[in-house]
Structure formats: structure tokens, C-alpha cells
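Kindly generate the complete structure, drawing on both the sequences and the hints.
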Amino acid sequence: MRRKVGRLLAAIVVPLALFTAIALAVLWPRGESPVGSIPLNSPGVQMVSGPITSVGETDAQGQTPVEMEVEGVSVPVHVPAEVVASGLEVGDVIEARFNPAMVTSGTAHIFVDFERGMPLALLAGLYVLVIVVVARWKGLAALAGLGVSLLVVGFFIIPALAAGGNAFAVVLTGASAMMFASIYLAHGISIRTTTAIIGTFLGLLITTAVAVWAVGAQNLSGTGGEQTAMLSWSLGGINMRTLLLAGIILAGLGALNDVTITQVSTIWELHAESPSTPRRRLIRRGMAIGRDHIASTVYTLAFAYVGASLPLLILASIYQRSFLDLMQVEQIAEEITRTLAASVGLVLAIPLTTAVAALLAPVAPARDRVSA
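Quick note on numbering: the UniProt record's numbering labels position 163 of the sequence shown as 163, and the sequence is numbered without any gaps.
The hints are simulated quantities; they were obtained by calculation from the structure and are not laboratory data.
Estimated spans, in silico, between C-beta atoms of each pair:
(1) Ile22 with Leu122: 37 to 47 Å
(2) Leu8 with Leu122: 42 to 52 Å
(3) Ile22 with Val55: 51 to 61 Å
(4) Gly254 with Ile22: 19 to 29 Å
(5) Gly147 with Val55: 34 to 44 Å
(6) Gly91 with Trp28: 38 to 48 Å
Positions of the beta carbon are idealized from the N, C-alpha and C atoms, including for glycine.
Have a look at this one:
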């Protein structure tokens, strides 16, 4: 029986892995890539960085004299009023654009952004340290899976999309590769983790189907935001609606990995505690935990999107329009669709994964039933 189950899982997962590898090879961007092809600065203009040396008093017109240090010299720099108001202080390290042609005007240095390299590095170091201390070797394995997933995004998904590849095919292929990397590297290859792979893939298919219908039914164009408009202008051949669909699929992947792994582990542990428990009872007990997970994860997705869209929601709310009209604004409708489509896939993945896990846990090898 165990051999039959192993063959059945292999018959499902091996073709999926092969298809992913073939799709990666076919869709991999070739030739000259548009990534990095647009100069950041005009000819003669260069980026400089340095600490703020002085922040003066704001005048009646809302202008604040600010100076920064560049190569040991304190020079005036134009900083937008909203940046000053956000808490600009002496000692803050900023990046500025230096235009020699503007030296005589007194505004040759224009604020671009803050220098965040060191704080980001410290935050990343803290993140890695906490994961390793708490989760130990499994945490390291999870970080390895995350690293491979980020490599897929950086070296395949983004260049392929920028080169005009079919966003739908590129992201589904990339998501499949990330799914294998994140689950198998973090948790090893076994019937247990292969069950999670199947559950995640089913959830991705559901999310994709719901997203395709929802985007088409609402006539969402994917061009509602300023960034998407700039992208459409910079890369004229890209289909923004397909890119929106691709983003919805990719956004749901992380949450799907979470719930499928959790549900599979739940069923395996329940079976380990009581090996004689019938499969139907395993499913009922697993779903009792799964329903709690559904509630918390749906909140997580919704709050994450609300947090990311908070400035947009505030901006849209100040205009005189009804709540229903507000929800139909394309940018807001896109975020709602992103949340709901991913949530539907996530919620349905839980009972599907639970059922598959309950079917396979009793026939898994003994070493596969032991919690890591």
C-alpha cells in the first residue's frame, strides 16, 4: 500500500516538477534585457550621499533651508516640505541628485531619498538571528528556501516580465518553482511535504480561477495606480491586466504554503497520537483546527492589504462619494480583489489539504510520521 501511495504521489508531483523545469527553460529571458536599461540620471547629473549638517527654520512660504555634507563640504540641498515635516534631523544620511548646471541657482543638490543601508542590514540580521535561535536547523532550512524563492523572483520573474513574457505563464511557473523550493528545502522530501505541495498547488489553481473571473467581471485594467501607469509607459508591450492577475497569484502563495504545511502537520500529529483513529475522524479533528486557522489567516491577509493601501484609502475617502462608490474605484477594487481571490484559494485549500493528508497519513512510513 505504501509503495502504491508513493508511486501515486510521484506520478503527480514528478510531472509537475518536470513541467516547471521545462517552463523555466522555455520562458527564461534571453537576449538584451530591459532591466537596468533606463539611466537613473540625465547626462552630467550624479548621485551623492552625506549627512544632514543643518536644518533651519521654516519660512512663511513653507521653505526650510537644509544643508548636507558632500566630500567634507557643507552644501545647500533642496528637501521637499513633507520630508522635512516627517522629522528630518541633523545627522540623517540622505541621497541627493547633483546637477552642476544648477550651481549658480543655489539648488544644485536635490533630495532623492534617505540612506537606509545600515538599518536594513541590522533588521535583516535580527530577522535571521531570531529565526535561527527559535527554529534552529529548520529555521536555517526555511531561510534557504526563502533565498531560493527570492532568486527566482530576482533572476526569472522580474526579468521575464520586463522582457515582455506572458505574465500569467511566467508567474505560475515562478510560483511553482518557489513552492517546491520553500517546502522541500524547509521541510525535506517526504509523503508529508509532498501532501503539502499538492494542497498548495490546488490552492493556487483555485486562486487563479477566481482571480481570472473577478478581474474580467469587474473590467479591471491593472492601470489604476501611478506606478502601473509609469510601468506601462516605460514598457509599452506589457499587458497590465495580465500583470495584475500574476500579482494576485504570487501574493497568495506565501499564505498557501503556511496553511497547507500547518494542516498536514496537524493531521500527522493527530494520527501519531492515535494511530487507530478513522480517516473521517481525522478530517473532522483537523478541520476543527483548520477553521481557527482560516479565521486568523483571513484577518492576516485583509489587514496586510489594508495596511499597504492605507494612504490610498485615506486619499479616496476625503472626496464626497458613497462607500459603495469608493469601493469601486479601480485601485481600491484591485486590492479588494487581491484579498478576496487569495482568501478563497486559501480557505478551500485547507479542507482539500486536510482530506489528502488524512488519506495518506495512515500509510506513510514510520519515519515520516515523526515530527521534526
